[in-house]
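Trainee: Sequences listed follow chains G and Z, in order.
Positions in the first sequence are counted from 1; adding 204 to them yields this note's numbering.
Positions in the second sequence are counted from 1; adding 204 to them yields this note's numbering.
Derived from the structure by calculation, the hints contain no laboratory data.
Beta carbons are placed, not taken as given, at the ideal position from N, Cα and C, and that holds for glycine.
Check each hint, because a few of them may be wrong.
Unchecked claim - Residues from chain Z shown here face chain G by an in silico Cβ test under 10 Å; the list is partial:
| hint | residue |
| --- | --- |
| 1 | Ala303 |
| 2 | Leu359 |
| 3 | Asp373 |
2 protein chains.
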Amino acid sequence: MMRFNQPSIILVEPQLAENVGMSARAMMNCGLYDLRLVHPREDHLSEKAISASSGAEKILQNAKIFSTTEEAIADLEQIYATTARRRDMIKPVETASYAAQNMTQALSQDIRCGILFGPERTGLHNDDVCLANAIIEIPLNPEHCSLNLSQAVLLVGYEWYKRQIEAPDIQFVTNKTSLADKEKVLQFLKYFEDKLDNCGNFRQSEKHERMIINLRNIFTRNQLTLQELNTLYGIINYLDRHRPD
Amino acid sequence: MMRFNQPSIILVEPQLAENVGMSARAMMNCGLYDLRLVHPREDHLSEKAISASSGAEKILQNAKIFSTTEEAIADLEQIYATTARRRDMIKPVETASYAAQNMTQALSQDIRCGILFGPERTGLHNDDVCLANAIIEIPLNPEHCSLNLSQAVLLVGYEWYKRQIEAPDIQFVTNKTSLADKEKVLQFLKYFEDKLDNCGNFRQSEKHERMIINLRNIFTRNQLTLQELNTLYGIINYLDRHRPD
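Just chain G, same shape as in the assembly (with noise of 0.2 Å):
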């Protein structure tokens, strides 16, 4: 379970059980494990934290708990301090995806990182911001940027695993069909319009032209299916057999 290719999450003086159970499993959303409590007030193994935690319960199992802040990042080298408003600290401010990205290549060179949260009511407090190396901030709406303590684990998590995969800007699915080659659709087009044709006054009409312009647009900017084309000469069969005296 313990990986050290990855930041801990580290959560001062947590209030809510319900909060740590919610944060486990925001950490298990993002590939995280490592949680560390420090002075919890209630328990992080009672029936609420496991039951918020969502199927996370073995990061709550496993979460080490410490009675300061400086015990629960004593092994580590490299701390961010997680912050809604600026504080009176002289102190780098990232971005969270500025940051995910510098934890990864600090961890890529075994600097063991970690991320600090504070209690939910004040957030973290000055003695445990200078600790850190430096501060986290979420870029969020200035008029609403109080978040509830998992979804700051949730925004903070997301941009770190964010930069764990190559997750794909955009992919066409098209499950168990394939894309049709133009030579297919053009196919289409051309029986679909003769279609037409065979109907009344199509090819008589002024606006042939630019409907046929149009229809072809219409099908091939929609990089169709094999499966989607065989419904559509379905549908053409169809409406060819059943027209209206």
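Take the given structure of chain G and dock chain Z to it, following the hints.
Mentor: Quick look at chain Z alone, frame taken from chain G:
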């Protein structure tokens, strides 16, 4: 309150008022204000919902209620469906980040966008997914990718918000003081080294040269501020005045 240069958030058949409230809070975190609810099971203006919105009750009060998804999206032109698992749908699948970029571009051309989120227990029904231009899949740990409704809203909204602002990756926050220029840093180092030379046999130490280099590295790597330099002068002078006999 209504801003048309942003995507509408459409919750389809949300089950719990609390989740609607928390989604409103997440929307406000991300500067999103247009909430649409399709056939919500509970009252979105209940005390539970308002309390969960944690200050975002305006969004709940302005929410529009529809009985079908079709009605909820009728005035929009580009629709995204969020799904946690792959469906049997032939559709482009985009990351939240890429979709945010596309929506930002679309909105700048006055193309109105909306994002569909499904009911808590089941996610979106296929009948709703097939109304969308594309699917948003949030890249998360495949071993545990189930998200609370409001967390899905938060992550998608966060990616959108990030595109609207230009948060610098890193800022060195010095508050009221400012960075010391190199002349002041070197003056301080000289002062420090002179003080050390006055102490016992520092100058004679064979490690003297290496120690000077290390000291210079420590203090030049550090981007000291004027305030911090003053603190360091103060400490050196204090030690100088209070030597052990």
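Trainee: Determine for every hint whether it applies to the structure shown.
Mentor: Each hint tested on the structure:
| no. | hint | in the structure |
| --- | --- | --- |
| 1 | Ala303 | 9 Å, holds |
| 2 | Leu359 | 6 Å, holds |
| 3 | Asp373 | 4 Å, holds |
Hint compliance for this structure: every hint is met.
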